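Q: Residues per chain are reported as follows:
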Amino acid sequence: MVATVTLTIDGKLVTVEQGINLIEAARTLGIEIPHYCYHPGLPVVGQCRMCQVEVEKSPKLSVACSTPASPGMVVHTNSPQVVKARKAVLEFYLLNHPLDCPICDKGGECPLQDYTVTYGPGESRYREEKVKRVKALPIGPTVIFDAERCILCTRCVRFVQDIVKSGELGVFHRGDKAEIGLFPGKELDNLYSLNVVDLCPVGALTSRDYRFRARPWDLFRQVESLCPGCSFGCNIILDVRHWDEGEQIVRIRPRVNMEVNTYWMCDIGRFTFHPLYEKERLDGPWIRKDRACVPTSWEEAIALLASSLGRLIADHGPGSVGAVVSARLTNEELYLLQKFFRRLPTEHLDHRVREVQGEGRDFQEDHLLLRADRTPNTKGARDMGVLPGSGGLDTMGMIEAARSGRLKALFVFGEDLATELPQALNVQEALSKLDLLVVQAMSLTEMASLAHFILPALAFAEQDGTYTNWKGRLQRLNKAVDPPGKILSIGELLEKVAAHLGPSFPFLSLEEIWQEIAGSCPGYEGITWEAIPPQGIQLPVEMATMEARHQTPAAS
Amino acid sequence: MLSETTKAKIETIAERYPAERRRSALIPAMLLVQEEQGYLSPEMVVELADLFHLHPTQVMEVASFYDLLHLKPAGRYRILVCHNLSCSLLGAEDLIAHFERRLGIRAGETTPDNLFTLIRAECLASCGTAPVLQVNGACYENMTGKKVDQLLDHLQNMGGVEYKEGEGWTPAEVPSEKILTKHMDLPGYTGSLEGYRRQGGYQALQKALKDYKPDEVIEIVKRSGLRGRGGAGFPAGVKWGFVPKDSSKPKYLVCNADESEPGTFKDRMLIEKDPHQLIEGIIISAYAVMAQTAYIYIRGEFAYGFKVLERALKEASNAGFLGKNILGSGFDLDIHLHRGAGAYICGEETGLLQSLEGDRGEPRLRPPFPATHGLYGCPTVVNNVETLANVPHIILRGAEWYASIGTGRSKGTRVFSVSGHVRRPGNYELPINISIRELIEVAGGIREGRRLKAVIPGGSSAPCLTDEHLDVRMDFESLAAAGSMGGSGAVIVMDDSTCMVRVAEVVARFYRHESCGQCTQCREGTAWLHKILKRWEEGKGFKDEIDVMLDICDNMKGETICVLSDACAMPVESYIRCFRDEFEEHVRQRGCPFRQ
Chain A
2 MVATVTLTID
12 GKLVTVEQGI
22 NLIEAARTLG
32 IEIPHYCYHP
42 GLPVVGQCRM
52 CQVEVEKSPK
62 LSVACSTPAS
72 PGMVVHTNSP
82 QVVKARKAVL
92 EFYLLNHPLD
102 CPICDKGGEC
112 PLQDYTVTYG
122 PGESRYREEK
132 VKRVKALPIG
142 PTVIFDAERC
152 ILCTRCVRFV
162 QDIVKSGELG
172 VFHRGDKAEI
182 GLFPGKELDN
192 LYSLNVVDLC
202 PVGALTSRDY
212 RFRARPWDLF
222 RQVESLCPGC
232 SFGCNIILDV
242 RHWDEGEQIV
252 RIRPRVNMEV
262 NTYWMCDIGR
272 FTFHPLYEKE
282 RLDGPWIRKD
292 RACVPTSWEE
302 AIALLASSLG
312 RLIADHGPGS
322 VGAVVSARLT
332 NEELYLLQKF
342 FRRLPTEHLD
352 HRVREVQGEG
362 RDFQEDHLLL
372 RADRTPNTKG
382 ARDMGVLPGS
392 GGLDTMGMIE
402 AARSGRLKAL
412 FVFGEDLATE
422 LPQALNVQEA
432 LSKLDLLVVQ
442 AMSLTEMASL
452 AHFILPALAF
462 AEQDGTYTNW
472 KGRLQRLNKA
482 VDPPGKILSI
492 GELLEKVAAH
502 LGPSFPFLSL
512 EEIWQEIAGS
522 CPGYEGITWE
532 AIPPQGIQLP
542 VEMATMEARH
552 QTPAAS
Chain B
-12 MLSETTKAKI
-2 ETIAERYPAE
8 RRRSALIPAM
18 LLVQEEQGYL
28 SPEMVVELAD
38 LFHLHPTQVM
48 EVASFYDLLH
58 LKPAGRYRIL
68 VCHNLSCSLL
78 GAEDLIAHFE
88 RRLGIRAGET
98 TPDNLFTLIR
108 AECLASCGTA
118 PVLQVNGACY
128 ENMTGKKVDQ
138 LLDHLQNMGG
148 VEYKEGEGWT
158 PAEVPSEKIL
168 TKHMDLPGYT
178 GSLEGYRRQG
188 GYQALQKALK
198 DYKPDEVIEI
208 VKRSGLRGRG
218 GAGFPAGVKW
228 GFVPKDSSKP
238 KYLVCNADES
248 EPGTFKDRML
258 IEKDPHQLIE
268 GIIISAYAVM
278 AQTAYIYIRG
288 EFAYGFKVLE
298 RALKEASNAG
308 FLGKNILGSG
318 FDLDIHLHRG
328 AGAYICGEET
338 GLLQSLEGDR
348 GEPRLRPPFP
358 ATHGLYGCPT
368 VVNNVETLAN
378 VPHIILRGAE
388 WYASIGTGRS
398 KGTRVFSVSG
408 HVRRPGNYEL
418 PINISIRELI
428 EVAGGIREGR
438 RLKAVIPGGS
448 SAPCLTDEHL
458 DVRMDFESLA
468 AAGSMGGSGA
478 VIVMDDSTCM
488 VRVAEVVARF
498 YRHESCGQCT
508 QCREGTAWLH
518 KILKRWEEGK
528 GFKDEIDVML
538 DICDNMKGET
548 ICVLSDACAM
558 PVESYIRCFR
568 DEFEEHVRQR
578 GCPFRQ
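As given, the protein sequences belong to chains A and B, one line each in that order. If you count the first sequence from 1, position 487 lands on 488 in the numbering used here, and the numbers rise without skipping. If you count the second sequence from 1, position 154 lands on 141 in the numbering used here, and the numbers rise without skipping.
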């Protein structure tokens, strides 16, 4: 049992967990106590003095962020004394603030702007010249700094010093000369740098990637989803903007999930929406004619693919067919693909590509959120059965079988074997011997130049589905935007190909797919699509992953 | 590159702190590097960061916080001229103008030959001998234009500075028994261990260790009524009583020798003139709270005092008053000296602890209080120099004797630092409940032909009193009742030649300079007040701004981590309330009526 305390906030009785502060206690009642320096994921410093509240029997106002909720406490968050103090703090903040909201990227989602409108003074009594400081200074590859807008809440400093422990940012000088800065010649270049942009309660730190791409009111849709960047499974929000040409994701922000990423995400994850908008993005199928690959219609692509595949199976048997399916795909896609290929039937099925490469190819793990395994769904691929069955070949086995001529057809979903695997394996030479190479990808890859069929793939943000993270947490991704052109989902594709081949492979809804997964995948029993909550479900943990469970990112 | 000698010295310094708290040696190490290199170059910052396993940014954060740490090169002689209140009352601005003319540079600049850098400095704790300046830490007092010329000639021709005892403590007749200052008035008394022992020194320590258990010492000090002499006036014995007895963590005693409240110069005298009295007080107090390590955090500007204490600690150690099993009692204690680097806020006890841990001197949120979570998160008592120096006398002569001096809840004597427009500025040890009138009389009265205008009774943070309050007594309660405070016992006397707008500007400028910058009200409020007051003094004030200033003061009070914000707002508010006419006159005349 968690110990609780009962107190009164603005006349309402509330029972909260012992030890939480008044800001959090008030939050449980839907009461917002304005604050700047406080952040639940950072050490409490009580500097901004914005969150002052009146606690009965206390001689002075109390700072809510550093005052624990105590039994019987009577708190007023909007008494005349509090309102006056809050207004005073805002007046002090605005003395030297440039008020350049119209050209500030934070405008519209700025707590300084918002609180000033709600609680601040209407006009300035400041007759002095405003202090001039550095503006629009790039301080690293991702962030731009505007010292005039800074209110010295030090959230960014605490983030780099206490959470990332990279320590690039600091407070230099003191008093009204104090300023956030970096050591000369150093940059803010850690892999979590963009969290300071989310943390900054004003427009002092803005994202070089997102800057001037949208106003908050342009972001008409915020979609809760998952980062596809690695197997950590950070929860994210996709900010979608409407343009005349259509909708576009313009920003990814972390979504709080205390069981996974807490409040943060890495910079690599922030940019995972960029491949959606690459120039080389495929928006329809391509087919090899003579030497060159050319765009074609889905009808032609599917008819020709199915007849090639049917011929090969007739001539050489289904055992001449193999498939490599990336663990970047969703559980549902993985499930359908393994089901399709097992029905052919073939047992040459694998998701493992990176295991072949050995160590060191991917980026390093760290103490926060970065996993060396860059595929978000390795555990899911295993759980869905995307592994060689009895007598089946693994990825390397399939490549070698292609080289020796034993394997005639290879399907590759979401991987570029030509670039992912070491040069020494001479993968291209092996693949060039295949009678049928089908590649599904988001854009033209190096391997695609060898393919007989190139099929366009949906991006993570263009469909619903689930990933299972490295600790066995099943989480949902939600469709944020439509794909470009006409891209068939895996389910649609398989249904159409099967229709040409003979035995039907009817298209299933997500609910129907989940009925099958729950019935056939160990650990997923009893789960329904509708029942997966926004924060995900922790699956029963295998012994092998017990160790992983005990590692959680540092939240504070 | 750091020299091997410097590195070795840094290692020696680091030994004063727990192994896992090496960072405490950062500021002393930076001072050492500066001695060798003149300033902290980016390369040095990087080297120091490596040495202390910090990011260079963190070292820069610390270095840029302190006035005595320099990230840019300067002249061979750094001349710090005090422009704070007491010096300013006695011609500091003329002195700075004289320097500027003579050196051909403005304050803040360096002469082309790289010999001199002229710096405006805040209070150097020599207010009784104002105006004062320091050259590379050596103090020059009672300065005049002529003496400046002589000094500059000497530095240009001969070179070298002399670190010596303060000049300002000529023994003065006081109408009562002196306790803390009695030895130093004896002819030939040097403050050596031998001299101190000849006067009965260290007998109190023997008595405490032999006759009393630690708890009993706390009880005696509680009964004596001794209250903190640093500013807040908190009962010392009560503070000691808050230290948990059953904690498994080490306990610390920290002597706050960061005397920097403008107008205050008594701790400097107590250190320079009778260091063993302080050391004996520290040992007994450490015994009372069962601390085995004590630190003396001494102001970076007290270069001479540092040397005095260094020598005295060595003497005490050689004589067996420090170290293991002191006087066969089984009690162990080490005292380490720790130099500050120029920041008023480090006189605030949690700012001091942050600084002692090698960080920016930014006061901590309370609770928890230092008694339970102080230095390195361990139980810690922080006491002022004068407070600790009282302890041996209380032990030797008894709580009742001590409590018989003074009044009500204010007991004992106080060493009042009297400066400003009196005939004989200086430190005067008197019963704490002496009246303002008597105190001014002891200090020789107001200057010839002048009338009293205002008195600041407890350092520049204290609201001013006027000639109506001459019969108010200087004990904590009486001053509080009169709307001011006892503070650090610094009495700044101002006669009718004083412009109170100018005083307000000087005071606001000081707090603006010294605000650590954490809390919004303080960081922004001190600067705003100062900017307005400066403009007013230049004749560009607006009448409606009197109320704006009062409002700013009101908004600055009672709502910050420490009381620096209040310490700026309270006096400024008091000047406006007491001398509103004079403020309005500045607007009417579009200038300062006190300037010709």
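It is worth saying that the hints were derived from the structure and are not from the lab. Predicted model, so just to flag it, every value in this text is computed and none were measured. Be careful, since some hints might not be right.
Just a few of them, taken from the derived set where beta-carbon distance is under 7 Å, the chain B residues facing chain A [as the list claims (entries may be wrong)]: (1) -10; (2) -8; (3) -7; (4) 38; (5) 48; (6) 54; (7) 55; (8) 502; (9) 507; (10) 514; (11) 518; (12) 545.
A few chain A residues that don't get close to chain B, going by computed Cβ distances all over 10 Å [stated by the list, open to error]: (13) 46; (14) 47; (15) 62; (16) 81; (17) 162; (18) 176; (19) 177; (20) 178; (21) 182; (22) 184; (23) 190; (24) 398; (25) 536.
Yeah, the Cβ is synthetic: ideal placement off N, Cα and C, and Gly gets one too.
Q: Taking the hints in turn, state whether each one holds.
A: Going through the hints against the structure:
| no. | hint | in the structure |
| --- | --- | --- |
| 1 | -10 | violated, 23 Å |
| 2 | -8 | violated, 26 Å |
| 3 | -7 | violated, 21 Å |
| 4 | 38 | violated, 15 Å |
| 5 | 48 | holds, 4 Å |
| 6 | 54 | violated, 9 Å |
| 7 | 55 | violated, 13 Å |
| 8 | 502 | holds, 4 Å |
| 9 | 507 | holds, 5 Å |
| 10 | 514 | holds, 4 Å |
| 11 | 518 | holds, 5 Å |
| 12 | 545 | holds, 5 Å |
| 13 | 46 | violated, 7 Å |
| 14 | 47 | violated, 5 Å |
| 15 | 62 | violated, 6 Å |
| 16 | 81 | holds, 14 Å |
| 17 | 162 | violated, 7 Å |
| 18 | 176 | violated, 4 Å |
| 19 | 177 | violated, 4 Å |
| 20 | 178 | violated, 8 Å |
| 21 | 182 | violated, 8 Å |
| 22 | 184 | violated, 4 Å |
| 23 | 190 | holds, 13 Å |
| 24 | 398 | holds, 49 Å |
| 25 | 536 | holds, 32 Å |
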